[in-house]
Amino acid sequence: MNKNNKRTKLLRFLITFSVVSLAVFLGLMLWHNYMNSPWTRDGRVRADVVMIAPDVSGLVSDLRVKDNQEVHQGDILFQIDQVRFQHALHAAQAIAQTRKAEYEMKKHQSARRNAADDEIISAENRDDALYDAQIAHAKYEEAMAQVETAKLDLERSTVRAPTDGWISNLLFRKGDYVQAGEKRLALITSGSFWIYGYFEEHKLSLIHVGDKAKMNMLGTKYTVKGHVESIARGISDRDNTTDGRLLANVNPIFTWVRLAQRIPVRIHIDEVPNGLTLSAGMTCSVSIIPNKSDKRSAAQ
Amino acid sequence: MPLDITLFGIQMPTLLPIFALSAVLQILVDRVMSDTGFYTYVWHPGLFRTAVFVCIFTLPCLLIYR
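First to last, the protein sequences are chains L and W. In terms of the working numbering, the first sequence opens at residue 1 and continues consecutively. In terms of the working numbering, the second sequence opens at residue 1 and continues consecutively.
Worth flagging that the hints you see were computed from the coordinates, not collected in a lab. These numbers come from a predicted model, not from an experiment. Hints are not guaranteed to be accurate.
[Stated by the list, open to error] So the derived list for chain W, only partly shown, Cβ under 10 Å to chain L, looks like this: (1) Ile10; (2) Leu15; (3) Pro17; (4) Phe38; (5) Thr40; (6) Tyr41; (7) Val42; (8) Pro45; (9) Leu47; (10) Phe48; (11) Thr50; (12) Ala51; (13) Val52; (14) Val54; (15) Cys61; (16) Arg66.
Note that beta-carbon positions come from the ideal geometry of N, C-alpha and C, so glycine has one too.
Next comes chain L alone, as it looks inside the complex (with noise of 0.2 Å):
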């Protein structure tokens, strides 16, 4: 009887406490796999955006897009009033009419006195006759130049696409007035997106480049795969802002906790599933599937 209840004692004991134990170790592990596998919820998809400005200033009069519109290089964006462009041309047309007649008028001016009798003509006035041909010569290759940059500003007057992509944000409409170098258009160009997941820094150690990577679209069960293509080598230092004659900033912290800063890895997009289209912008959570090569040598 006193056996008895001794034994069971004992196996109630070692039920406990190895289910005990078990929990504890699963909970570890889980806390481990949790803060040291890599993956982050902050993840962004990211595309190269061409700022489209006209190289001449002028009104529009003609708007060719329309907002979200794909457009192919080389298609017309919108078109620059031209007729200010074509009086230019023409007036440096005139203008290098001008300079070629001057130019055949000192040349022969010049070939007659070298033709003429050193008695009629001094070697002076010689001289002079060639040197203000060749100056003749220059300025109408100056005006020409002229004529050439006054054409090119006709051409630029029309804006095409430089790459294929899609404009977004349209904003301005026919009628406005741009200014040359003034950002006026945005061209997403297609194909070019990538994703940046935005890791904790001690993750980084986890990442390689080349790694396969998932990422979830938020609120959808579209997955698009990619890998791992670069790791940025630079954030800014928000502790430390230079000040205004260019002596450090630091600012003066005193929180026990420290947050994880985030470092951009940049992916690039191998598999976009069917049905989903991606927009610059969208949300996705990224997780790295880390390479078993890579897991193995860090074991050793």
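Let chain L serve as the given structure and place chain W on it in line with the hints.
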């Protein structure tokens, strides 16, 4: 398993629904064990129940965070 799950239009970590499901499972297991009188073989039922719940919860979670 995916990191996040969308339920009723809200995206949440998969851990949350797993937590709720394992709580339900824990209640069932608890009922079975008390009906069969298993708790007479347990030294400290409170501690034991907590430990069983931790096991039920962490096992599927380890499938997400491998």
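Status of each hint after checking the structure:
The criterion of a C-beta within 10 Å of any C-beta in chain L is met by Ile10 of chain W, whose closest approach is roughly 9 Å, and the hint holds. Of the supplied interface hints, the one on Leu15 of chain W holds, with its beta-carbon coming within about 8 Å of a beta-carbon of chain L, less than 10 Å. A distance limit of 10 Å between C-beta atoms decides the matter here; for Pro17 of chain W the minimum to chain L is near 15 Å, and the interface restraint is violated. For Phe38 of chain W, the interface hint holds, since its Cβ comes within 10 Å of a Cβ in chain L; the closest pair sits about 9 Å apart.
A distance limit of 10 Å between C-beta atoms decides the matter here; for Thr40 of chain W the minimum to chain L is near 8 Å, and the interface restraint holds. The interface hint given for Tyr41 of chain W is met, as the beta carbon of that residue sits about 5 Å from the closest beta carbon of chain L, less than 10 Å. Hint on Val42 of chain W holds. Least Cβ distance to chain L is approximately 6 Å, under the 10 Å limit. For the restraint placing Pro45 of chain W at the interface with chain L, the shortest Cβ-Cβ distance is roughly 9 Å, inside the 10 Å limit, so the hint holds.
The beta carbon of Leu47 of chain W comes within 6 Å of a beta carbon in chain L, closer than 10 Å, and the hint placing it at the interface holds. At about 5 Å, the closest approach between the beta carbon of Phe48 of chain W and any beta carbon in chain L falls short of 10 Å, and the interface hint on this residue holds. About 7 Å separates the beta-carbon of Thr50 of chain W from the nearest beta-carbon of chain L, less than 10 Å, and the hint is met. Taking 10 Å as the C-beta contact cut-off toward chain L, the hint placing Ala51 of chain W at the interface holds, the least distance being around 4 Å.
Because the closest C-beta pair between Val52 of chain W and chain L is about 6 Å apart, less than 10 Å, the hint holds. With its C-beta approaching chain L no nearer than about 4 Å, Val54 of chain W sits inside the 10 Å limit, and its interface hint holds. For Cys61 of chain W, the shortest C-beta to C-beta distance to chain L is roughly 5 Å, which falls under 10 Å, so the interface hint holds. Because the smallest distance between the Cβ of Arg66 of chain W and any Cβ of chain L comes to about 6 Å, under 10 Å, the interface hint for this residue holds.
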